[in-house]
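K.L.:
Using the supplied hints, reconstruct the complex from the two chains, each of which is provided in its own coordinate frame.
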Amino acid sequence: MKGILYLEDGTLYTGIGIGKKGTSVGELVFNTSMTGYQEILTDPSYAGQIITMTYPLIGNYGVNSFEKESNYVYARGFVVKNICENPSNYMSEKTIDEMLKEMGIVGISGVDTRSITKKIRNCGALKCVITNEELSEEELKLHLKNLQQREDWMKEVGTREIIHIPGEGHRVVLVDFGVKRNIVRNLMARNCDITIVPYNITFEEIERINPDGILLSNGPGDPKEATEAIEMVKKTMLKYPIFGICLGHQILGLAVGGDTYKLKYGHRGGNHGVKDLDLDRVFITSQNHGFAVDEESIKDKDMIVTHINLNDNTVEGMRHKTLPVFSVQFHPEGAPGPQDSAYLFDKFINSMKGE
Amino acid sequence: MGKNQDLKKVIIIGSGPIVIGQAAEFDYSGTQACKAIKEEGIETILVNSNPATIMTDENIADKVYIEPLNIETLEYIIKSEKPDGILAGFGGQTALNLAMRLKENGILDKYNVKLLGTGSETIKKAEDREEFKRLMLEIGEPVPASIIATSLKECYEFVEENGYPVIIRPAYTLGGTGGGIANNEEELKEICQRGLINSPIGQILLEQSVAGWKEIEYEVIRDKKDNCIVICNMENIDPVGIHTGDSIVVAPSQTLRDSEYQMLRKAAIKIIRSLEVEGGCNVQFALDPSSNNYVVIEVNPRVSRSSALASKAAGYPIAKIAAKIAIGYSLDELKNYVTQNSSACFEPSLDYVVVKIPKWPFDKFNRQIEPLELR
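Residue numbers (our numbering), protein chains in the order written: chain A, 82 to 436; chain B, 436 to 810.
Bound conformation, chain B alone (with noise of 0.2 angstroms):
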């Protein structure tokens, strides 16, 4: 199959400005996916609001816009530049986004450009939260159960089912005003009746918590020939509840037996499947410490922030061969980067252990120090 030889210049979007939860992490990514393309003889157009990265320096890109990400600038360099295609998937949620705009704008149809690697219709499904429970349950893989009530008998029989806790939204209050965790019954009545009041259509949103079971990630390749493989999983040694960028993160799985491991990897992989996801894909779960169940919590169509450490832990350029896919080749096609003369359709195993601590800069800011949660 090989290398999509229509293609002759691609642009690629960047992640913009470093900001919290969207970090330097994506400089990597886009270098390394810009390298990936432009070897191939491929002229590559790099467009990012950041000029204080890796990725704006001269030699990296062909061409390089510092110009603002929005769809009025990328629809004025498509127009000039006349792509043959665009890679939306290596800079984060802001590249991400901007393609979704532009392909529902109609301004990727209008000027002929193609969206490469993974496609528009995918990250619809993986990004939003309905779509993608439907799509799971359709699969037959668990994702936490949850209700809309407007009583608080269904609030008691949502529980009878789940059990305890519960994590209670009221819906269109501010700031999801008189919501909270229920461990009991006292607390579901008082938090449920509250909720309820509180809301200005009487509405609230039910969900089981996972919080305290295992985080565990999974980052998986796919090409179009569905040749799947995992790079490295990932224990959150912090579990459910404490944000993995807040997390002490190693890789690989530390406390999974091997049953557990395929349970998990087999759920990945299925689920990059039936999104057709073609290049790398971060997939979450929640894993049960005293049982085999698990949820998927959430699901990254994309290079995402653990993509650089699973690159790092595996020694595996993710965004690399991801990049490669994108125009057009399959796994088995490519080589492994680092030994140079096997192929790159293998799983890394490791001999050691990646610990991720995180840091945080409260030098940085004069206010008081919050504790870490879920956002």
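Bound conformation, chain A alone (with noise of 0.2 angstroms):
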């Protein structure tokens, strides 16, 4: 089966086309991750995507049941190097092909990636259509042409209804715009008792649960549209304890007045390093992000930056002056990726006991 990547400045990648057979249109950004593909499939925050995996062999000790950040796939394909069609490794089920094709999502394969990132680094972010059908190149630029480019998806992927996973310990109330699950695995580590809730609750609400504090989740799309989350947080940001991460640390810097843009062409990878200026220490943190705060619009708004990349020296965390608030743009769970600053969901309980 022939698959196709076609780029809107009209560069076409030919290779093999593998898991759904069908065509998908979205935007292109590339993860630098050697590990973890499954991971970064099942992450909500892909919503709208399609990825390239930098590294080029995709697939090798295969897919299981047990490490996936959501039950779905929300990206909207796949592209690699090669797939491994004989996985090696204990927990392997099946293979990201069989994946693949189970979740519905369009992948190409046997396409020089590493040209395809160097793409995305020169020109930013990219549409792309792809797709494992016979097209003619009058089709694919109508695909494109017919793509309705939405940002709001973090209203798509969360959950609908209040979930409450019982815990003795700090109740948090944890918004969904996309939750990974390890964010969950992490507060449930820590023993707290959690309400998810969806992307658009209201802080009367919140109020009504009564909770400990606020954990703001990761998600996909542009900040500025979770316009409901925005006006919440303004309000609970007085009351409660809040940790944003990564949608959620936008989102935040959104709500305390501050602005937030779009990066060329995002962090996606396990390997950014971050330094945390209280400490004076790097992490090396799990990123995948397409926006940023910007750092100069936070700054007369009670806010200190408390982290920046080493890379750009972009925005990589913050905390009020005052209150009990504060957030990180990169992903302390890992799932993929290290865990090094997972101490911050330490902060987070300590935040809640009032230390």
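Worth flagging that the hints you see were computed from the coordinates, not collected in a lab. Each hint should be verified, as a subset may be incorrect.
Claimed, not checked - Which stretches of chain A does chain B cover? Using the computed rule of at least three CB atoms under 8 angstroms from a CB of chain B, they are: (1) 116-124; (2) 130-141; (3) 169-179; (4) 255-269; (5) 356-362; (6) 379-387.
Said to hold, decoys possible - A few chain B positions that, by computed beta-carbon distances, are all more than 12 angstroms from chain A: (7) I495; (8) L543; (9) K559; (10) E596; (11) N633; (12) L766; (13) P796.
Said to hold, decoys possible - Simulated pairs of lysine to any residue, SDA-like, Cα-Cα distance not exceeding 25 angstroms: (14) B:K701 - A:S173; (15) B:K791 - A:R195; (16) B:K701 - A:R262; (17) A:K208 - B:K660; (18) B:K660 - A:K345; (19) A:K345 - A:N203; (20) A:K428 - B:S709; (21) A:K428 - B:D786; (22) B:K791 - A:N163.
No residue lacks a Cβ here, since even glycine has one placed at the ideal position from N, Cα and C.
P.N.:
Here it is, written out as structure tokens:
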């Protein structure tokens, strides 16, 4: 089966079609992680995107039913150099190709992923069509033209109803913009009583739950689209401890009156050095974001930048000058990637204790 | 923090002659270290007994001593050069052992020479098997289970708890006569009985055998601020039981799930932190192919043979960065020498796979070829 990847600048890559037979359109991004393809595919933050893996051998250890970050794949496509049909790992249940087929994801292998990555780095995130059907160039162009570029995915991928996970410890409201399961696992490991709530929860509803603290989750899309959440955070931050992760961090940035912007090609991978300015220490972090908080915009908003990215000096974390409110752009829960900064969950627990 | 301004003159110990087990890799690491120190304006004195290396070329160090690598010579050189510090982590085991003896004999203290980079306490802890085992247990990192037994009953109890196979080594016998690997009760009884008789003091060592497990290595760098990064991990395609030097090795690992990769990465960082290594370090694990169980096999608190492979594989100059750390820099103060505009404090992400295939120069030996084994 032939596979085609067609970029908005007219570049056409031909390879082997994998996964579901079909055609898909989305924003082309790249991830530099060497392990963790299953976690990446099941991370809701990739909604609407077509993921290119820079690591060339994908599927070596197969896939299993335990190591997923959600029950679905929200990404629109998967681009790899080479897939493995004979996985080697005791937990492997099926191949990556079988998983893509089951999840209904169109994929392509056998393309020059290094050149695709260089293109994204030079041009920024690109729109593209991925297909393993017989399509003419005109049809490919038509698909691209018809793509409705939307950025409000956080309204799609999170929970629709309130879910309660009982625990003995601190009562946490987890606002679900597309939360990764490992964030929930990290709270559970700290005995939290967790109430997972939809993205559009109001301040009043949270007051009724009466939690000890609020965690704003990761998620896809442009934070500016999360208008209900921004309004909710403006009020709740005056009353409850807040910890924001990734999109949650950006939403906090907007709630305090700051601004966010789209990065040229985003940070996606498990190897980003981030400096904690308070501790004067560097942590290797897992990242997946296309937007960032503008440093200048939060300076006079009672916020202090606590973390910076060592590669491009962008804001990676911040905290309020007086309130127990803080956030990070990276993923302390890893999955995939290092969990060197999992201490931030402890910091959140401490902030709920009033420390 | 930056460079230690007190350092004006530093001695670097080379690795000596190229022998089996210690090859030209250390010429590369030593040369990198010399250059890294010299470009900081520190006078660099190199001691190496091997003139046939790039390291001893005129333009690498400021001054080269081609002298035997022993404490007498080193004391003489220290006495006449009066260096501020000594670098021993770049000349393999030879340089490390020599530095330890200089320290133990009081020569470093006598002439007020600082051992730069990883300290002598750390080296002792990592090199001494008993001390290392104690430290691993203290920080909760698993090592292969072992006991010293004087009766068959103890052997049976050990196996009941740890399973087969077990390695049996009689104490104080020539060449380990009477030892072996037992895979079942029959073999255990036979080998243990024989071992107990063969040992002049009636003692045998039993160790859990992890032969056949995946052999995974991590190359880690730590600075004195406690920043830690993994340069690269490697997987030996030949499992534990075949020496790394004889194995086909790939970087990065090929059959580890992200959770396994992160579990061992976390363990490697925990170990390098507890040892307080300042510079490069190599940590080797055995990972059960049918569970998430692992044991720590070995730690090299220095630039090792694997570091040379990891350096090339990841495009990260481990020896150079380790030398900069030894003279006072922290990782976040150093630049990535490849990209020039980003930080050295990151973990290389490969978009390729590196394979090392050993080549045995059997034509150089005129005796019979023996099978490859643990050594």
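K.L.:
Against each hint, give a clear statement of whether it holds in the structure.
P.N.:
The hints, checked one at a time:
1. Against chain B, the region 116-124 of chain A contributes 4 residues with a C-beta closer than 8 angstroms to a partner C-beta. That satisfies the three-residue criterion, and the hint holds.
2. With 5 residues having a beta carbon nearer than 8 angstroms to a beta carbon of chain B, the region 130-141 of chain A meets the requirement of three or more and the stated coverage holds.
3. Requiring three or more residues with a Cβ within less than 8 angstroms of a Cβ of chain B, the coverage given for the region 169-179 of chain A holds, as 4 such residues are present.
4. With 0 residues having a beta carbon nearer than 8 angstroms to a beta carbon of chain B, the region 255-269 of chain A misses the requirement of three or more and the stated coverage is violated.
5. Evaluation of the coverage hint for the region 356-362 of chain A: fulfilled, as 3 residues show C-beta separations to chain B shorter than 8 angstroms, against a requirement of three.
6. Coverage of the region 379-387 of chain A by chain B is violated [criterion: at least 3 residues with CB-CB distance below 8 angstroms; count 0].
7. I495 of chain B, annotated as away from the interface, keeps every beta carbon of chain A farther than 12 angstroms; the closest lies near 31 angstroms.
8. Distance check on L543 of chain B: its Cβ is at least 30 angstroms (rounded) from any Cβ of chain A, clearing the 12 angstroms threshold; non-interface status holds.
9. With a least CB separation of 27 angstroms from chain A, K559 of chain B remains clear of the 12 angstroms interface cut-off, as annotated.
10. The beta carbon of E596 of chain B sits about 23 angstroms from the closest Cβ of chain A, which is more than 12 angstroms, so the claim that it is off the interface holds.
11. The claim that N633 of chain B is not at the interface with chain A holds, since no C-beta of that chain comes within 12 angstroms of its own (minimum 39 angstroms).
12. L766 of chain B, annotated as away from the interface, has a beta carbon of chain A within 12 angstroms; the closest lies near 6 angstroms.
13. At roughly 31 angstroms from the closest C-beta of chain A, the C-beta of P796 of chain B stays outside 12 angstroms, upholding its exclusion from the interface.
14. With a C-alpha separation of about 23 angstroms, the suggested pair K701 of chain B and S173 of chain A falls inside the 25 angstroms cut-off, and the hint holds.
15. For the proposed pair K791 of chain B and R195 of chain A, the alpha carbon gap of about 23 angstroms is at most 25 angstroms, so the pair holds.
16. About 20 angstroms separates the Cα atoms of K701 of chain B and R262 of chain A, which keeps this hinted pair within 25 angstroms; it holds.
17. A distance of roughly 43 angstroms separates the Cα atoms of K208 of chain A and K660 of chain B; the hinted pair therefore is violated under the 25 angstroms criterion.
18. A threshold of 25 angstroms between alpha carbons decides the hint, and for K660 of chain B with K345 of chain A the separation of about 32 angstroms lies outside it, so the pair is violated.
19. Our distance criterion of 25 angstroms between C-alpha atoms is met by K345 of chain A and N203 of chain A, whose separation comes to about 9 angstroms.
20. Distance check on the hinted pair: K428 of chain A and S709 of chain B sit about 23 angstroms apart at the alpha-carbon level, within 25 angstroms; holds.
21. With a CA separation close to 35 angstroms, the supplied pair K428 of chain A and D786 of chain B exceeds the 25 angstroms bound.
22. Among the hinted pairs, K791 of chain B with N163 of chain A is consistent with the structure: their alpha-carbon atoms are about 21 angstroms apart, no more than 25 angstroms.
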